[in-house]
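Numbered by my numbering, the letters in the sequence shown go through residues 5 to 348 in order.
Some hints here could point you the wrong way.
Mimicking SDA-like on lysine to any residue, the simulated pairs with C-alpha atoms at most 20 Å apart in a straight line are [as the list claims (entries may be wrong)]: (1) K278 - G328; (2) K232 - L121; (3) K111 - D22; (4) K89 - R120; (5) K293 - R270; (6) K263 - P88; (7) K111 - K89; (8) K293 - K263; (9) K250 - K263; (10) K269 - T174; (11) K250 - A66; (12) K111 - A16; (13) K278 - G308; (14) K269 - D324; (15) K89 - Y124; (16) K111 - Y342; (17) K89 - S226.
What the hints contain is simulated information worked out from the structure, not anything from laboratory work.
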Amino acid sequence: MDPHWQQILLAAGGRFADGELSHFGDLEGELSAALHNEVCTDLSHLGIIEVIGNDAGAFLHALLTVDVRAIGDGRIGFGAWCTPKGQVITLLRVVHTRDRYLLLLPKDMTDAVIHRLQLYVLRREVRLEDRGADLCRLGIAGTGLSALFAAEHLPLPPTEGHAAQEGGLTIIRLPGLPPRAIVIAEREILQGLWRCLSRHVTPVTPQAWTMLDILAGVPWVSRSTSEKYLPQMLNLQCFGGVSFNKGCYPGQEVIARLKYRGQLKRRLHLAFAKTRTLAEPGSTVYDDKDTIGEVLIASPHPEGTVLLAVLPLAYGAQSDIFLGHPGGIALRLQNLPYPLEEIS
Numbered sequence: 005m006d007p008h009w010q011q012i013l014l015a016a017g018g019r020f021a022d023g024e025l026s027h028f029g030d031l032e033g034e035l036s037a038a039l040h041n042e043v044c045t046d047l048s049h050l051g052i053i054e055v056i057g058n059d060a061g062a063f064l065h066a067l068l069t070v071d072v073r074a075i076g077d078g079r080i081g082f083g084a085w086c087t088p089k090g091q092v093i094t095l096l097r098v099v100h101t102r103d104r105y106l107l108l109l110p111k112d113m114t115d116a117v118i119h120r121l122q123l124y125v126l127r128r129e130v131r132l133e134d135r136g137a138d139l140c141r142l143g144i145a146g147t148g149l150s151a152l153f154a155a156e157h158l159p160l161p162p163t164e165g166h167a168a169q170e171g172g173l174t175i176i177r178l179p180g181l182p183p184r185a186i187v188i189a190e191r192e193i194l195q196g197l198w199r200c201l202s203r204h205v206t207p208v209t210p211q212a213w214t215m216l217d218i219l220a221g222v223p224w225v226s227r228s229t230s231e232k233y234l235p236q237m238l239n240l241q242c243f244g245g246v247s248f249n250k251g252c253y254p255g256q257e258v259i260a261r262l263k264y265r266g267q268l269k270r271r272l273h274l275a276f277a278k279t280r281t282l283a284e285p286g287s288t289v290y291d292d293k294d295t296i297g298e299v300l301i302a303s304p305h306p307e308g309t310v311l312l313a314v315l316p317l318a319y320g321a322q323s324d325i326f327l328g329h330p331g332g333i334a335l336r337l338q339n340l341p342y343p344l345e346e347i348s
């Protein structure tokens, strides 16, 4: 994290652990605020890869599951980069603004992804750059998002799934509820916005943003869960993140076969647990006898813990499932906030 940006967060009451923002002094209150009020937080846990050059769009289109050519200027997409066997290496938000693409992904995946993507550049006119050190990321959420941006004279895109640029700011409007936006800019530009916002909204822990992602059913993979799941197991097709007619990309044959032969057996489920002992990504989920799946991502929640887990399709709200061991910490499955018609 930029040391000057860290000082700004410290001045706002930020508490740090191992160099990362932990919370602003009231973890419980901050989690609750993210569910009911307008909040803002630092998003340094997200990495940023900038892809530029005349061949940038074609380069990404040939590698990602999402139809990059359909992500026009000022649009965002959500997709995966997969192995030839269709296993998700990483999930990415793809942001297209003017002459560049920004890829947002978990920070712990950034170095490995850049290194592996470089192998595919060859003679293409493409440059990949890690921008995580010089671009700060701010997340803003709440039902009053539009009014908040209007008060600060900021160009919030009127439509979800779009991005805007103005005065060095890149503003991304995410789909789903509560309304959310990501603002990206150099520290000198963003620090003024942070100071203005923090007078009107509640600064919260980055875990609150992860909690909102989970409640929205948005999957992320980390180093410990990379190359374990096919995109449909993570419900990526529900976000328009898997194209079945764009042509070849790594893993395309396996991914298409899973759709057209109806072979999908597992998918992403949303669950709550009445515990504050967070399950690590990859933790095992059980029924009353056997292993049935794994935790993808988890976060604290005012009621305990909320998580996304990859489980068999047949499991639902009345199923008895547990963390740790059969009969361990009970998990309560909930409906996801998007339709699952395409999952069969």
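Just pull the numbers of the violated hints for me, sorted ascending.
As far as the earlier hints go, 7, 8, 10, 12, 16 are violated by this structure, in ascending order.
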